[in-house]
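All chains, please: the whole structure from these sequences, using the hints.
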Amino acid sequence: MMFSSGKKQSFGSMAHGIISMLGSPHIPVGELEGSGAGVAFLGVPYEGSNVCIGRPGSGLGPQGLRIASQEYFSWSFEWDIDLQEAYGMVDCGDTKIAIGNAVRTHENIQKDVSTILKSGAIPISIGGDHSLPIPCARALSEHLGDKKMGYLAIDAHMDAGYSVDGEKETNCSGVARASELPNVRPENVAIVGVRGTLNPREWLELIRERGINMYPMREVKERGMEAVLKDALDRVWDGVDGVYVTWDTDSVDASHAPGTTEPEPGGFTSHEIIEAARIIGERGFTALDNVELAPIYDVSGITGKLVWCVLSEALYANAKARL
Numbered sequence: 001m002m003f004s005s006g007k008k009q010s011f012g013s014m015a016h017g018i019i020s021m022l023g024s025p026h027i028p029v030g031e032l033e034g035s036g037a038g039v040a041f042l043g044v045p046y047e048g049s050n051v052c053i054g055r056p057g058s059g060l061g062p063q064g065l066r067i068a069s070q071e072y073f074s075w076s077f078e079w080d081i082d083l084q085e086a087y088g089m090v091d092c093g094d095t096k097i098a099i100g101n102a103v104r105t106h107e108n109i110q111k112d113v114s115t116i117l118k119s120g121a122i123p124i125s126i127g128g129d130h131s132l133p134i135p136c137a138r139a140l141s142e143h144l145g146d147k148k149m150g151y152l153a154i155d156a157h158m159d160a161g162y163s164v165d166g167e168k169e170t171n172c173s174g175v176a177r178a179s180e181l182p183n184v185r186p187e188n189v190a191i192v193g194v195r196g197t198l199n200p201r202e203w204l205e206l207i208r209e210r211g212i213n214m215y216p217m218r219e220v221k222e223r224g225m226e227a228v229l230k231d232a233l234d235r236v237w238d239g240v241d242g243v244y245v246t247w248d249t250d251s252v253d254a255s256h257a258p259g260t261t262e263p264e265p266g267g268f269t270s271h272e273i274i275e276a277a278r279i280i281g282e283r284g285f286t287a288l289d290n291v292e293l294a295p296i297y298d299v300s301g302i303t304g305k306l307v308w309c310v311l312s313e314a315l316y317a318n319a320k321a322r323l
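In the numbering used here, the protein residues as written are 1 to 323.
For the record, the hints were derived by calculation from the structure and aren't laboratory data.
As the structure is a prediction and not an experimental result, all values here were calculated from the model.
Do not rely on the hints blindly, as some may be mistaken.
To be verified - Simulated crosslink set (DSSO-like; lysine-lysine; CA at most 27 Å straight-line):
#1 Lys320 <-> Lys230
#2 Lys320 <-> Lys147
#3 Lys148 <-> Lys118
Stated by the list, open to error - Label-pair ranges, simulated between beta-carbon atoms:
#4 Phe77 <-> Glu107: 40 to 46 Å
#5 Gly239 <-> Val164: 30 to 36 Å
#6 Glu226 <-> Gly100: 41 to 47 Å
Cβ coordinates follow ideal geometry from the N, Cα and C atoms, glycine included.
Pasting the structure below:
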């Protein structure tokens, strides 16, 4: 398949055609094999496992991000890299949502991400609520087989709930489930940016009991984002063959990212989170997601644009590191 180059793009072309991530070709998951795609976006407009947040809206995240991405080209003058030329990006559309059935929906997500991984592309999943990394990380774990896997969460919340009223696959259980995967050691799991009191005592107890690495936002501010993130990446990548990265929009300060389901003050600035994406991209990732983007609460579309800038920065940095 031939992938379009940013050099051929024009401002006029931004207003036409099917809305996809950065205007990338649309290829269904089942047709990825042999396409040559290096990055595959998968929309997951699902918020049925949102049990720990007071307001809805993340189900509109994938479409909101697609719209935000239309305002950008694939070539960056800062990197002198064209994402289409570097990766061959495609948009696989949205995974099938089984309304009212979290188990089946997560099975569908896991199946789609597994297919993307098998095709050789990097899956970038867009939610949706923060239960998303549970099936996605499970897919990567199975894809790696006997090889070890690391897990990095950028989040205002620990998401270390063992269960909520007996339900174990919710938006506040991602870290707990990741640390239970057969090829994941708790010392290869890290959470960066935790802050605020929407973090129950039992979550911290689970993190301490399992030996999971946690870097509160206070530490990020005291030591500096770059030092903390590099420390976290050293731990996540130590002795593993692949790393799953999950990024919750609420890790960013609410004044910089109002369009999220659980805005929290005191988080990363927009500059800091873009720099964090660069550091993560340079180190590498095997699969990536963004969750809790909620366009209905956004102001002038700034959160959607920020999310796109963060994801693209990670891709630019990763492409540069591979040159």
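Hints, one by one, checked against the model:
1. Lys320 <-> Lys230: holds (18 Å)
2. Lys320 <-> Lys147: holds (26 Å)
3. Lys148 <-> Lys118: holds (17 Å)
4. Phe77 <-> Glu107: 40 to 46 Å: At roughly 43 Å between Cβ atoms, Glu107 and Phe77 fall inside 40 to 46 Å, so the hint holds.
5. Gly239 <-> Val164: 30 to 36 Å: holds (32 Å)
6. Glu226 <-> Gly100: 41 to 47 Å: Because 44 Å falls inside the window, the suggested range holds.
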